[in-house]
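Peer 1: Spelled out from the first residue to the last, the chains are:
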Amino acid sequence: MEQEGISWKIGGEAGYGIMTTGYIFAKTCSRAGLHVFGHTEYPSLIRGGHNTYQVTAMVSEVFSHVKHVDLLVALNEETIDLHIEELALRGGIIHDEDNTVLSNEKKNRDDIRLYSIPLRQLAEESGGRRIMTNSVAIGASAALVGLNFEMLSNVIGDVYHGKAKEVVEGNIKAAQRGYSYMRKQGMGKEFGPRIPKTLRKRRMLLTGNHAVGLGAIKAGCKFYSAYPMTPASSILHFMASQERRFNLVVKHAEDEIASINMAIGASFAGVRAMTATSGGGFSLMSEGLGLAAMTETPLVIVVSQRPGPSTGLPTRTEQGDLRFVLNASQGDFPRFVIAPGDVVDCFYRTIEAFNLSEKYQCPAILLLDKYLSESHKTTEQFEVSKIVIDRGLMIDDETLEEDKEFKRYKITATGISPRTIPSQKKGRFTATGNEHDETGYVSEDKAIRTKMMNKRYRKFRHARKEIPEPTLLGPKNAEVTMIGWGSTKGPIREAMRLLKREGIDANLLQIVYLSPFPKNSVARILETAERVVVIENNKTAQLARLIMEETGIEVKEKMLKYDGRQFFPIDICRYVKEASRIG
Amino acid sequence: MVDLADLTTIEQPNWCPGCGNFPIWHALKSAIIELGIDPFNVTIFSGIGCSSKMPHWINTYGFHTIHGRPLPVATGARLANTDLTVVAVGGDGDGYGIGIGHFIHAMRRNLNITYLVTNNQVYGLTTGQTSPTSDRGFSSKSTPTGVIEVPINPIALAIASNATYISRGFSKELNHLTQLIVDGIRHEGFALIDVLQPCVTFNRKNTYKWFSERIYKLEDTNHDITSKQAAFQKSLEWNNHIPIGIFYEETRPTYENELPQIAETPLAKQEIQDIDITSVMAEFF
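Protein chains in written order, with the working numbering: chain A, 1 to 583; chain B, 1 to 285.
One thing to keep in mind: the hints can contain errors.
Calculated cross-link-like contacts (lysine-lysine; reagent style DSSO-like; alpha-carbon spacing at most 27 Å) [as the list claims (entries may be wrong)]:
(1) Lys228/B <-> Lys141/B
(2) Lys359/A <-> Lys205/B
(3) Lys269/B <-> Lys410/A
(4) Lys407/A <-> Lys269/B
(5) Lys386/A <-> Lys269/B
(6) Lys141/B <-> Lys426/A
(7) Lys404/A <-> Lys141/B
(8) Lys476/A <-> Lys451/A
(9) Lys425/A <-> Lys269/B
(10) Lys410/A <-> Lys359/A
In case anyone wonders, no lab produced these hints; they're calculated from the structure.
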């Protein structure tokens, strides 16, 4: 371990609480004052199949998962077979000899430390059931890396809060058995990675989806409709859990078509509304997206990508839907496409999406992916004091001069027309998905059509002025400039750290606003950059093609990955280094 | 008081002369006037098709949405502002074809929405293809040798889907239809009004005359509107005798009445400027 901290991974059969256990370990590390990144991988099934949760916990900020593992908790033999090669030098494996038969070759490896613990027996002895084996394993892990047991026990209590008393107490007892066993046997004294005891800083630990949900609630989103689809479902779960506390209406709709159209209806009636889905559901939402655009009804849509086409790899990650969301639905219309890169971005950009969407009366799409949606990361508490809620040009009855023939789609210099909502005494109008005149009547007049198209696009000319420019992370002048969007931000930032250690100065051009595209600033940065590499989690370099389209600049060097998994920082570092040598 | 002038728009309907939509349009306006609802508190949602143009020609708030989706849009609006009177209008293709999934869910959901289906058994706006309610054997451009499928029975489907107000009107019976709409809007919950609406241009079978020879009113019989069994029996009558009127009505709590978060203030009137999320952030520590 080059940094102070630990990379810990638990693996086992789906249905044995791998994710909860991993989350408990991550939260305990967070409470111990470490920066944490928690990453889960699992197949699309409920029982059986291989699940993992990896916790990277460091003294300094950690931006992504890493390739190596210091301590592997193997709840079954398959976990050892699949992950033994990820172990760092003198890394450890916690396993139960009852269910893992290790070859002599593995047993005799001197680069690995084996901690054979009767996990199942301890679980059963503590009065728990076999399912509590995982809690025994975290207890043992905590002892090995020097985590305080009381802290762990409090986290277990908090995570299982609301469950039956036997469940909470049983898991704490099981963890205690694991912890004591490790201590009593005097095991693990030689195990390297330790968690420092002196850190006191507390941070939030949350996923991108949680941050989007928090952002939406802070932004005043009062109506949320969705249909379950991985990896967007946890936004639905979070919003539903907050329904009564914040007086929201959360509707699990009959399908994604209903979801988006319900959100449009709520927004039309004057409420900030949001829906979320993944690519498949967004396919069904495409027609609704156009309706929001044509009727100039504000709407925030979260698209959390997973690999396609079709059902694809339902629980894995990819950035394959950029071109899709930029172009979805028939006809030309402006839309905001915003790709947050981390949990902090997820929170603030969600609020911004609501403001932009209402101010410009355009749909706004937040583009995430499974990696960002479901990975946990520690972060400082969000700064909410400076947040502004801008509802745009909502006109009240006092300001409205005339009622008859209210021009809801009035042609204005900015393209933005004053908006009324039903139940306002003045300002009655009918919205329509057909092309229409200023009052909203259906019109196929060629002059009106041209004026209306221009009006809708004129809003974007103004929006461009307030869209934050993309920034360079890292040194201003660097040997290599990596370009990315969305969740690759984490691994790329880690890779920058590794490259620095190798003496290579690298920076990152993170493009958050993909529509409207900040073409001037991107072109400026690209023209002066020494060497440029685009890094994307897709097959066809969708961002590189967008850059080409918007700026005319071709980024020739591309690092692409499309196996349904996120980049590892070390692989990015190696790619940049190797290519440097070749270049 | 609301009068006809309040509901009149500058533009006038562009339906074919004699179209069965005209009386439905009149009936809806008359119902609003009779109920005395302020037009600014009414929002009419529609899908795509000839009848779906209706919101443009009634001076309330309106939303002419996309094909088959008026109910989800209306659902969102109703949940956003429970002070609104929400009416949805669409044809048989819109509601019983492309939008049938939403139709069934809207009925089991029981929001306070009044849904008028202008049922002419044909796709008018796309020039006369077969619709989900076209009679078996009906020949059209899309089924030149006649429809092979049997039609959707919207009344029976509504009974099975637990709709709480189920009725059928006929375009030619203007006062009767107006009363059904008044009853439907007054009804606390989802109200289906299936309206037999002859298409004078594309449906040469199910004409005003054809219907007039077959129609009778349920209220002239001893039909028990509280009995699902009786309603189902009546829903099966078609070819020779066609009942109009209320098939079934029951009282069941509406969806919105089950939501304490909007019991005092509709979402649209809740303050959003300074929402305090400290307590929920604390849970992530």
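Peer 1: A separate judgement is required for each hint: does it hold in the structure or not?
Peer 2: Tested hints:
| no. | hint | result |
| --- | --- | --- |
| 1 | Lys228/B <-> Lys141/B | violated (38 Å) |
| 2 | Lys359/A <-> Lys205/B | violated (52 Å) |
| 3 | Lys269/B <-> Lys410/A | holds (25 Å) |
| 4 | Lys407/A <-> Lys269/B | holds (23 Å) |
| 5 | Lys386/A <-> Lys269/B | holds (24 Å) |
| 6 | Lys141/B <-> Lys426/A | violated (45 Å) |
| 7 | Lys404/A <-> Lys141/B | violated (42 Å) |
| 8 | Lys476/A <-> Lys451/A | violated (44 Å) |
| 9 | Lys425/A <-> Lys269/B | holds (15 Å) |
| 10 | Lys410/A <-> Lys359/A | holds (15 Å) |
Figure legend: structure checked against the earlier numbered hints; hints not met, in rising order: 1, 2, 6, 7 and 8.
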